[in-house]
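Heads up: the sequence lines are chains A and B, in that order.
The first sequence finishes on residue 215 if you use this note's numbering, and the numbering steps up by one all the way, no holes.
The second sequence finishes on residue 482 if you use this note's numbering, and the numbering steps up by one all the way, no holes.
Calculated from the structure, these hints are not laboratory results.
Careful: at least some of the hints might be erroneous.
[Said to hold, decoys possible] SDA-like cross-link-like pairs, simulated, lysine to any residue; straight-line CA separation at most 25 Å:
no., chain 1, residue 1, chain 2, residue 2
1, A, K135, A, R57
2, A, K135, A, T146
3, A, K187, A, R158
4, A, K135, B, G376
5, A, K135, B, D429
6, A, K187, A, A167
7, A, K135, B, I399
8, A, K135, B, Q421
9, A, K135, B, G417
10, A, K187, B, Q446
11, A, K135, B, V438
12, A, K135, B, V439
13, A, K135, B, I418
14, A, K135, B, S470
15, A, K135, A, R158
16, A, K135, B, L430
17, A, K135, B, L434
18, A, K135, B, R426
19, A, K135, B, P423
20, A, K135, B, T405
Quick caveat: nothing in here was measured; it's all calculated off a predicted structure.
What follows is the residue order along each chain.
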Amino acid sequence: MDQVRVALQATDPLSHAGLASFLQSRPEFTLVPADRAGAAVLVLSADRLSTDVVATLRRSATGPGVPVVLVAPEINEAELLTAVECRVVAVLPRAAVTAERLAHSVLAAASGGGVMPPNLVGELLKHIERLQRDVLTPHGLTSSGLTPRELDVLRLMADGLDTSEIAGRLCYSERTVKNVIYGLTHRLNLRNRSHAVAYALRTGMI
Amino acid sequence: MSGDGPALPFAGELFLHLAAEGRLVVDAVDAEAAIVGLERTLAQIRARLRILGIWQQIPARRVGDLPGDLARDVVDAVFTEQLAPGQLARAAAELPMYIAALRRASAAPESGGRRENR
């Protein structure tokens with residue numbers, strides 16, 4: 010059986026030593042120098058996707074580019090898209106890396122010809138779903154519940170009353186009214202009172 | 365306080381690129397389901413943009429004068445644009461790229477493997 014030539018880069022020596030040990034324990038792999046000449050797969054370990062790490066990935070993706078197995082903590086959606094752009098075909102959470110998992114990912118990367126595996130495609134499909142949801146309901150705003158006190162304040166805001174007038178009408182202190190307004194705008198990620206009123210109108214609550 | 369969150373990570377061109385290179389291959393059934401969802405969303409986005417365009421041309425805008433369904437549509441459109449200005453227009457430009465990419469990346473379930481660039 011032909012050995013898979015694997016280049017290994019890590020941002021810290023401990024991770025490098027550990028991953029090298031995993032790879033060298035398997036007869037299917039041979040480690041090649043980090044310049045990756047002739048490598049079939051690059052294993053890159055990083056504690057976060059820093060600018061330097063992304064630059065490394067981009068360099069790796071230029072030219073023919075080899076598939077990359079990224080060992081990193083959980084990455085966010087934007088980082089995933091960057092990683093995919095740079096030929097990352099597997100993302101292994103650092104805390105969950107075992108010799109078996111690493112070997113599986115490296116072999117899949119080597120045999121896949123750069124095609125993304127189903128789990129990564131699944132993540133991209135989830136990105137598409139999230140994107141649509143966020144476009145139609147920015148910041149996750151839905152007709153989620155408001156407290157009766159919030160509704161009372163919103164109704165009076167919609168009638169054009171200011172804080173002191175609302176406080177007088179509801180027998181609250183102005184501070185309480187401000188806290189109610191702050192609480193609901195903060196919780197619902199609204200910008201200001203106008204948004205709060207628009208939200209309440211939109212959801213048919215007032 | 366601001367309601368502005370981080371900009372949505374639109375990646376239509378990336379998807380097109382991945383599909384063109386044959387790196388993105390999506391099961392045909394999954395691709396079709398995603399395309400149907402995207403087309404539905406795109407239709408909603410275009411409708412909201414049309415409503416916004418008309419609404420902004422009206423001199424005296426009063427939601428209360430509109431019939432119920434239309435009033436709700438107007439409030440939805442205006443509210444979405446208030447919370448994320450420009451996002452509907454951006455989405456209207458990006459979503460067709462996702463759809464084109466998925467059409468290109470769609471593969472019969474049994475095919476698998478890397479596809480030739482077309």
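Tested hints:
1. A distance of roughly 22 Å separates the Cα atoms of K135 of chain A and R57 of chain A; the hinted pair therefore holds under the 25 Å criterion.
2. A hinted pair counts as satisfied when its Cα atoms are at most 25 Å apart, and K135 of chain A with T146 of chain A qualifies at roughly 16 Å.
3. For the given pair, K187 of chain A sits about 12 Å from R158 of chain A by alpha-carbon distance, which is consistent with the 25 Å threshold.
4. Our distance criterion of 25 Å between C-alpha atoms is met by K135 of chain A and G376 of chain B, whose separation comes to about 14 Å.
5. Simply put, K135 of chain A and D429 of chain B have alpha-carbon atoms about 40 Å apart, too far for the 25 Å limit, and the pair is violated.
6. With a CA separation close to 15 Å, the supplied pair K187 of chain A and A167 of chain A stays within the 25 Å bound.
7. Only pairs whose Cα atoms come within 25 Å are accepted, and K135 of chain A paired with I399 of chain B is accepted, the gap being roughly 13 Å.
8. Between K135 of chain A and Q421 of chain B, the direct Cα distance comes to roughly 37 Å. Violation of the 25 Å bound is thereby established for this hinted pair.
9. Pair hint K135 of chain A plus G417 of chain B does not hold up; C-alpha atoms about 31 Å apart against a cutoff of 25 Å.
10. For the hint linking K187 of chain A to Q446 of chain B, the alpha-carbon distance of about 22 Å falls within 25 Å, and the restraint holds.
11. A hinted pair counts as satisfied when its Cα atoms are at most 25 Å apart, and K135 of chain A with V438 of chain B does not qualify at roughly 29 Å.
12. For the hint linking K135 of chain A to V439 of chain B, the alpha-carbon distance of about 28 Å lies beyond 25 Å, and the restraint is violated.
13. Our distance criterion of 25 Å between C-alpha atoms is broken by K135 of chain A and I418 of chain B, whose separation comes to about 33 Å.
14. Annotation: proposed proximity of K135 of chain A to S470 of chain B holds, straight-line Cα distance about 16 Å (limit 25 Å).
15. Taking the CA atoms of K135 of chain A and R158 of chain A, the gap is about 37 Å. The hint is violated against a cut of 25 Å.
16. A distance of roughly 37 Å separates the Cα atoms of K135 of chain A and L430 of chain B; the hinted pair therefore is violated under the 25 Å criterion.
17. Using a Cα cut-off of 25 Å, the hinted pair K135 of chain A and L434 of chain B is violated, with the two alpha carbons roughly 31 Å apart.
18. Simply put, K135 of chain A and R426 of chain B have alpha-carbon atoms about 38 Å apart, too far for the 25 Å limit, and the pair is violated.
19. Of the supplied pair hints, the one linking K135 of chain A and P423 of chain B is violated, its CA atoms being roughly 41 Å apart against a limit of 25 Å.
20. Proposed proximity of K135 of chain A and T405 of chain B is supported: the alpha carbons are some 15 Å apart, at most 25 Å.
When held up to the earlier numbered hints, the structure conflicts with 5, 8, 9, 11, 12, 13, 15, 16, 17, 18 and 19 and fits the remainder.
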